[in-house]
Amino acid sequence: MTNIHSSAAEMAAALSKNETTSVELTKLHLDQISKVDGKVHAFLHVDTEGALAQAAEVDAKRASGEQISPLAGVPLALKDVLTQKGIPTTAGSKILEGWRPPYDSTVVSKLKAAGVVILGKTNMDEFAMGSSTENSAYGTTQNPWDLSRIPGGSGGGSAAALASFQAPLAIGSDTGGSIRQPAALTGTVGVKPTYGGVSRYGVIAYSSSLDQIGPCARTVLDTALLHEVIAGHDERDSTSINAPVPQVVAAAKKLDVKGMKIGVIKELNGAGFQAGVIERFNESLDLLVANGAEIVEVSCPNFEYALAAYYLIAPSEASSNLARFDSMRYGLRVGDDGKRGAEEVMSITREAGFGKEVKRRIILGTYALSSGYYDAFYGSAQKVRTLVKQDFDAAFQMADVLVSPVTPTTAFKIGEKSDDPVAMYLSDIATIPVNMAGIGGMSLPCGLAAEDGLPVGFQIMSPVMQDDRMYRVGATLEAALVSKWGKPILANVPDLGGK
Amino acid sequence: MTLDYAAAVEKYEPTLGLEVHVELNTKSKMFCSCATEFGAQPNTQTCPVCLGLPGALPVVNAKAIESTILIGLALNCSIAPYSRFARKNYFYPDMPKNFQTSQYDEPICVNGYLDVEIETDEGQKTFRVDIERVHMEEDTGKSLHVGGSTGRIHGAEYSLLDYNRAGIPLVEIVTRIVPGTGKYAPQVARAYVTELRDILRSLGVSDVKMEQGSLRCDANVSLAPVGSGKLGTRSETKNVNSLRSVERAVSGEIERQANRLENGERIIQETRHFLEESGATRPGRSKEQAEDYRYFPEPDLVPVTPDAKWIEELRTRIPEKPSLRRKRLQAEWNCPDKEMESLVNAELLDVVEETIKLGAEPTRARTWWLGEISRLANEKEVAPTSLVNAVQVAEVISLIVSGELTDKLARQVVEGVIAGEGSPAQVIEKRGLKVVSDDSALMSAIEAAIAAQPDTAERVRGGNIPAAGALIGAVMKATGGAADAAKVRELLLKHLGQG
Amino acid sequence: MAQISRDDVAHLAKLARVEMTPDELDHMATELDQILGAVKRVQEVATSDIAPTSHPLEMTNIFRADLVKPSLTNEEALSGAPAKAEERFKVPQILGEE
Ligand SMILES: [Mg+2]
Ligand SMILES: [Zn+2]
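Protein chains in written order, with this note's numbering: chain A, 71 to 569; chain B, 189 to 687; chain C, 466 to 563.
One should not assume that every hint holds.
[Claimed, not checked] Listed next, the in silico SDA-like pairs over lysine to any residue satisfying Cα-Cα at most 25 Å (straight line): (1) K483(A) / S218(A); (2) K324(A) / G302(A); (3) K323(A) / K554(A); (4) K497(B) / L566(A); (5) K180(A) / R529(C); (6) K97(A) / L566(A); (7) K515(B) / K497(B); (8) K549(C) / E424(B); (9) K215(B) / V510(C); (10) K618(B) / A629(B); (11) K426(A) / V533(C); (12) K426(A) / Q499(C); (13) K487(A) / Q499(C); (14) K276(B) / E523(C); (15) K479(C) / S611(B); (16) K426(A) / T486(C); (17) K109(A) / K483(A); (18) K155(A) / A475(C); (19) K459(A) / D531(C); (20) K549(C) / Q288(B); (21) K479(C) / T328(B); (22) K596(B) / G661(B); (23) K596(B) / S611(B); (24) K505(C) / P491(A); (25) K87(A) / K155(A); (26) K323(A) / K557(A); (27) K324(A) / M535(A); (28) K418(B) / Q457(B).
Rather than coming from a laboratory, the hints here were simulated on the basis of the structure.
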């Protein structure tokens, strides 16, 4: 019998066998949202009517015998960074409060076409700038494992929705780890596909050369199923790759890593990492070896500069991407008293509409791009990017996939790091290099840290457009771990009263 | 003013620099598929991309690239094997993203030149204008300012924005400084813009209508004492919207600067606006500090790398340089300067050439197009070429030459063609417009005329040949213009014993 | 020595069109200085022989055909506008224009 704890694949199977309907499944999840989201605050907007209408449509199609796609009828939570026609879209910012886009992002179009039911929009750090969702203008999301802790960010809403069984599938965006880090901290699975693998059209841009949309779920197979729905070439995105989507579903079903070379990145496996994190990570390596993989150590000496480069590139691009929020065409307008000029109203609106972290990054980016500083900051950061790519190229000469812990620590307390931007930025140390090079990265739960009982994430990285490799390794490791534990990791998450 | 123009250029050496913005006549915009038609209902040729809505992404119009390369080739430029778009960041309400997608240090065409000829005291002289770069960018929206100078109370002023023009492809053509023009700077400026306009028109890449803004010129002028070998501080005059204004703006600016220098005042590097009525310039928006556009490579677009084969294919499409073609045609047609000028101004060169190619005699072809057809077109306020085509005009001319039509009849034929009565042959048929060449028919008309004016006939018999005019006129009238006047004259004089 | 002064921040805030109170300027100057202190280490390895990477993948010549597709309607285009009039976006006066 399917319930909210089932996987998306199980729900899809039940739907195809007519054991349940999409409307029924959607209602179960809407119920769960109303029961637990008061505590978790994963959603910014729940589209009850729209979701039920979409579900009814899928049920009707199925009843008429129409060919429908594998995930048709399964509910999903959408990160509020993607436009959905007529549905409030804020990117976690006050400056977009009340804005209803007149168009669908490509990912939303694909989800709709596949009959995936969109329950609503999930919380995020404002404009995806953050690692905790504490930067959301609409309040922090709580980690279902411990409501006093952050669920990670920027996609904390999507990850928390999965971990609290409010949705079996979710969409995230990953600029420096915003899919993988929340997945790690909530015991869920998140994938950042190869840059250009999923269209960015309709994704409210943070840093265009780093942003990538990806699938989130509770199992590797579910993530793969969603990956194949949203991926593929889009002629409206000039940076979209025009090549067949890697066969990630097939890879996730393979459960075999014999003969594969797994590269452990020396620089991301020691200093600065919580003991319990390293312990779980090493345990997973042993499991991979037991399954026939070979472990090799690789060195990526330039990764230590990646964080610094990221915090120059991303704010620089953001300072330009966020210039359009000026109160002229959409969104918030403050201070228009009929006397002030447009320029002044823009400045007042941006002051009122942007949160602290967003302003900090806009100013930092404006500085890094300004004449006289460009070469020293933005230019140098782009050179580091070249070095990081070279490190990856060399490492992939030695290994089929690379692995590391996803985060240095498990979920920290709400408020613990919010006054120290530099400390907060360190959460992304292991995830950022992946975005710099445009390769694929997955976060997979690999157990609970001994010292705090909180989830630990295992990161798998694969070369450009070889996303299937991380699914293959991830699914194999997941199967080994679950069989060792005797149950999925989320069986340990506290019951928030929503059974 | 203490110095007039002549005195100013005697003391000071002007240096020119010209920046021309050309709107390409592509069907769709530079980065989106919105239409580009002039004069549409406001904000109906807009989409998420050209409105700068959150999430929208640009995709380059291939035709715009092709047109830009054509322009570069026609201006003797090198086509860069690798060029990129860059963001030019500055806030302005008519610019939806608050950055203009333009090109910076990697433009598509570089290092060209254009030779222009002007009339000097020593006869025709050629000046070479070096072209620094030709690059691609996008146009802004249009603002309408309400209130203020039109008499609204203070505080009721606002602006209205229409983004139909936003995102129309623009090509910017930038010259290097043009030294050594001396007192001819205004004429060189005009000749350059004229020649450029003609080239762009011959390439078919733009409507080049200065009055509609599809060709816009900014003139940079600086002065230095004659013989100093120095460069002065330049001003940049915008808003120059006719060829005549280009000339006036440059001479006006030379006078203004010379007088400032005479009075020991500094020239400020600034933007000035040309005032059509007075021919003077006034300061534009003052810049408190140098603009810092924070250019960086546009991350949403990929580089443009035209291959040699494509460039060579485009090179074959470059037509003869318009000024050379004009000279050649003028010589071939043995056409007076004034008439040639009229043909060029009326944009009739192409159709006259075509008419002549179809066998029409050059003088008649020119006369018909510049005369009767232009007159009719003027009445209807349309272009002459929209009324009739070269084939029809060539046919009419051949009928005149063969004696089947008189000029007067021919005018009726043309009228019929314009009225949609069919080809010249069909009009002749329908209206019965045949030259009366039958001698006996003419003779009876001649005899009737003599009978009606016996005194006049007597004078002719007496040797007063010019008196025959009145009789010939009467015959022509009686035959409704369908007679050949020369033939009538011949028969009449013979009949009255003067043949 | 501080990388960035309060005046620098004021200038940047102006360029970026973000109004800031004197307090915020002080705060931001301190924070930016701290961040710049951390990120400037990119300069340690960014030698002149390294080509910059601005885009993760090497792609070139992505174009679309010059075809017109339907635009938004006037209502859709203006649907998010804070103010509108005469089928246009209504904005505060643009200073310095005639
Ligand atoms: Mg320009
Ligand atoms: Zn458009």
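We went through each hint and held it up to the structure:
1. Restraint check for K483(A) and S218(A): the C-alpha separation of about 6 Å stays at or below 25 Å, so the hint holds.
2. Taking the CA atoms of K324(A) and G302(A), the gap is about 22 Å. The hint holds against a cut of 25 Å.
3. Of the supplied pair hints, the one linking K323(A) and K554(A) holds, its CA atoms being roughly 19 Å apart against a limit of 25 Å.
4. Proximity of K497(B) to L566(A) is assessed by CA-CA distance (about 66 Å); at most 25 Å being required, the pair is judged violated.
5. With a CA separation close to 21 Å, the supplied pair K180(A) and R529(C) stays within the 25 Å bound.
6. Our distance criterion of 25 Å between C-alpha atoms is met by K97(A) and L566(A), whose separation comes to about 18 Å.
7. Note on K515(B) and K497(B): the hinted pairing is violated, with a Cα-Cα distance of about 32 Å set against a maximum of 25 Å.
8. Between the alpha carbons of K549(C) and E424(B) the distance comes to roughly 34 Å, so the proposed pair goes past 25 Å and is violated.
9. The straight-line distance between the Cα atoms of K215(B) and V510(C) is roughly 48 Å, outside the 25 Å bound, and the hint therefore fails.
10. Simply put, K618(B) and A629(B) have alpha-carbon atoms about 21 Å apart, close enough for the 25 Å limit, and the pair holds.
11. Proposed proximity of K426(A) and V533(C) is contradicted: the alpha carbons are some 42 Å apart, above 25 Å.
12. This hinted pair checks out: K426(A) and Q499(C) have alpha carbons roughly 16 Å apart, not beyond 25 Å.
13. For the hint linking K487(A) to Q499(C), the alpha-carbon distance of about 15 Å falls within 25 Å, and the restraint holds.
14. Between K276(B) and E523(C), the direct Cα distance comes to roughly 23 Å. Compliance with the 25 Å bound is thereby established for this hinted pair.
15. About 68 Å separates the Cα atoms of K479(C) and S611(B), which puts this hinted pair outside 25 Å; it is violated.
16. Note on K426(A) and T486(C): the hinted pairing holds, with a Cα-Cα distance of about 13 Å set against a maximum of 25 Å.
17. For the hint linking K109(A) to K483(A), the alpha-carbon distance of about 16 Å falls within 25 Å, and the restraint holds.
18. Between K155(A) and A475(C) the alpha-carbon distance is near 38 Å, which puts this suggested pair outside the 25 Å criterion.
19. As the CA atoms of K459(A) and D531(C) are separated by approximately 36 Å, the hinted pair breaks the 25 Å bound.
20. A hinted pair counts as satisfied when its Cα atoms are at most 25 Å apart, and K549(C) with Q288(B) qualifies at roughly 24 Å.
21. For the given pair, K479(C) sits about 22 Å from T328(B) by alpha-carbon distance, which is consistent with the 25 Å threshold.
22. Taken as a hint, the K596(B) and G661(B) pair is honoured in the structure, with Cα atoms around 13 Å apart against an allowance of 25 Å.
23. A threshold of 25 Å between alpha carbons decides the hint, and for K596(B) with S611(B) the separation of about 17 Å falls inside it, so the pair holds.
24. For the hint linking K505(C) to P491(A), the alpha-carbon distance of about 16 Å falls within 25 Å, and the restraint holds.
25. As the CA atoms of K87(A) and K155(A) are separated by approximately 32 Å, the hinted pair breaks the 25 Å bound.
26. A distance of roughly 19 Å separates the Cα atoms of K323(A) and K557(A); the hinted pair therefore holds under the 25 Å criterion.
27. Simply put, K324(A) and M535(A) have alpha-carbon atoms about 18 Å apart, close enough for the 25 Å limit, and the pair holds.
28. In summary, the hint linking K418(B) to Q457(B) is supported, as the alpha carbons are separated by about 16 Å, within the 25 Å threshold.
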